[in-house]
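Taking the hints into account, I'd like the entire structure generated from these sequences.
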Amino acid sequence: MDGFKLSLLSFLPFVFVLAIAVEATGDEIGTFIVHVQPQESHVAATADDRKEWYKTFLPEDGRLVHAYHHVASGFAARLTRQELDAVSAMPGFVSAVPDQTHTLQTTHTPQFLGLSAPPPPQGKRWSSSSHGGSGAGAGVIVGVIDTGVFPDHPSFSDAGMPPPPAKWKGHCDFNGGSVCNNKLIGARTFIANATNSSSSYGERLPPVDDVGHGTHTASTAAGAAVPGAHVLGQGLGVAAGIAPHAHVAVYKVCPNESCAISDILAGVDAAIADGCDVISISIGGPSVPFHENPVAVGTFGAMEKGVFVSMAAGNAGPNVSSVINDAPWMLTVAASTMDRSIRTTVRLGNGLYFDGESLYQPNDSPSTFYPLVYAGASGKPSAEFCGNGSLDGFDVRGKIVVCEFGGGPNITRIIKGAVVQSAGGAGMILPNHFPEGYTTLAEAHVLPASHVDYVAGLAIKAYINSTANPVAQILPRGTVLGTTPAPAMAFFSSRGPSVQNPGILKPDITGPGVNVLAAWPFQVGPSSAQVFPGPTFNIISGTSMSTPHLSGVAAFIKSRHPHWSPAAIKSAIMTTADITDRSGNQILDEQRAPANFFATGAGHVNPERAADPGLVYDIAPCDYVGYLCGLYTSQEVSVIARRPVNCSAVAAIPEHQLNYPSISVRFPRAWNSSEPVLVRRTAKNVGEVPSEYYAAVDMLDTTVTVRVFPRTLRFTGVNQEKDFTVVVWPGQGGARVVQGAVRWVSETHTVRSPPYNNG
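UniProt numbering applies: residue 1 is where the sequence shown begins, and numbers increase by one.
Think of the hints as simulated: they come from the structure by calculation, not from any bench.
Nothing false has been slipped in among the hints.
Once the Cα atoms are required to be at most 30 Å apart in a straight line, the calculated BS3-like pairs of lysine-lysine come out as:
1. Lys684 - Lys305
2. Lys167 - Lys305
3. Lys51 - Lys169
4. Lys51 - Lys305
5. Lys169 - Lys305
6. Lys684 - Lys167
7. Lys51 - Lys167
8. Lys305 - Lys722
9. Lys55 - Lys169
10. Lys305 - Lys55
11. Lys461 - Lys380
12. Lys684 - Lys722
Take a look at the structure:
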């Protein structure tokens, strides 16, 4: 399965996100998500009552697709445009949006993140207080909204797992229900048309993962430890999720790489009702105002219920303001590399070597030189991308072919290799263009191959042009650990600032999202590849992969602190993040230049520190309502809040005054540079007592002045709160965007808030 298709936010594909509106015109029926609010005469006491009330808006039975109870005050239904106009005139109607299609966006990562405890002894269980990756997440339920699950994979073994918590109310939609266990405690399907037509009861089809994406993300977040995991012999080790002692519930909302928003909402609605503590969503669509985004509305409902939501930042990087899933009540996750390479090395006839990556490294890889040719030399339009038919009539037999990166969603990197192979080529070199920089991907190509960085690509193409008879080798090097720099930002990881709320720093955090190994339903690689016995895994990349890492971290924290709010958990993750790589240097981007906050968010997640942050910045649901009233009308806020809101009676909270873990200050161009902006925050002590924290400010740009008052915070009790003010003077003639940090430092903790000034 190629990792680049336009749909799943492994984004299985790293292409721009596509949303397709299913909108009815005239007498054509389409699906709409309809928001309603009950009048005083319609008070729904139960879910069944609410569903019956929803049906009163519809022209006939059979039109209701989903009835929502926790994520929206409303329903999804199939209506014509004229019927929707009639519904909009009924008492209680608020708004409606057409259904859309959103797209989907490991062995080594727990160790890379510092979670390295050994597995429990045979027949024993981890206690809820166990430290490290293998004991993390005890008593926590992680809900994964995705393509389903392959339940027989050993990553979902319940050996040593206790029964789920008593609050669990979900069930298993696999035939007989016995497939689920104490690890995979629930699996349900919420695809509107995925019903069993042979059944007189019309029950939904079982949530089998036909894509692989859901199995991969679920096992990344909370998969059990599986020794001997590898893909085509690479990445050998013990595969385990970030919170391997957490329970998993999977909600299938995507039949393939495309996912209807109405189905996503239904899955989130069920996850809340079932009792999930953490929801992981590696799916996304275009950034739109929150009241027009049903997923933003639905996750607001999850937050109000105390459920933590982790979502992919998107795969449209390195474009500026490409970040999606950017509401402040969700954790928005970017993607970065780890210190592992699945290496193949290109050796040129002039003696130069260039390291690249490929999963498929056959034992009989050629150790002799082969003629080297550039695909674009065929003279056909766009032949350099090695699309279907592009090499017809061009002699590549027995040669290594250089195929350019990209070319559109229908020319995947795996297809490029297949085109070369079918034309008789002996191997493929895949060089990056400038935007991809140094990010390389290990994939299951069909022939010996090497994905090399942009600089290497320039040198290889220059060599081809420098000699009449260029030659090359592709040398298999296997799995290499300890590579540098790591972590570094992936080119595809979407960047801020957010279009919808530029006053809130997005993305929030970055985590491992490049070449992540996790469970997979079926064998990958060419048919000629050696067949290895045992369970199957795959290595893929995307913010789809970094998101479940953070979901697992959230479960890890929740197991330590079961009463913390979603905002407190997010604060703990953000304020303890690493801003340097494993060598102690600043985290770099795909060009190996220092990465800014619009790429990294607060930094790279550090799970152990996040579980003991010292201080947190908490946010109550009512504070988000005040923040929303600063952005939208009362009716628009009412859609998000799922209840009537009169913003004239609500104290509006400007973006920079929301008690967010990061601090963002925007100055209008006409701002008086002598007038400062005052930013207020409230810190809650969740560490030891008594404790004393001292303020420190890190600002590289001296044109901006930042002061903190008071300079010291003293805490004498757990959960005690203290207010402080950050005063920011913009200065004159400085950079348009300035970044720095405010740190509260005690003897045992450093609590860091990354601020930036956008002039």
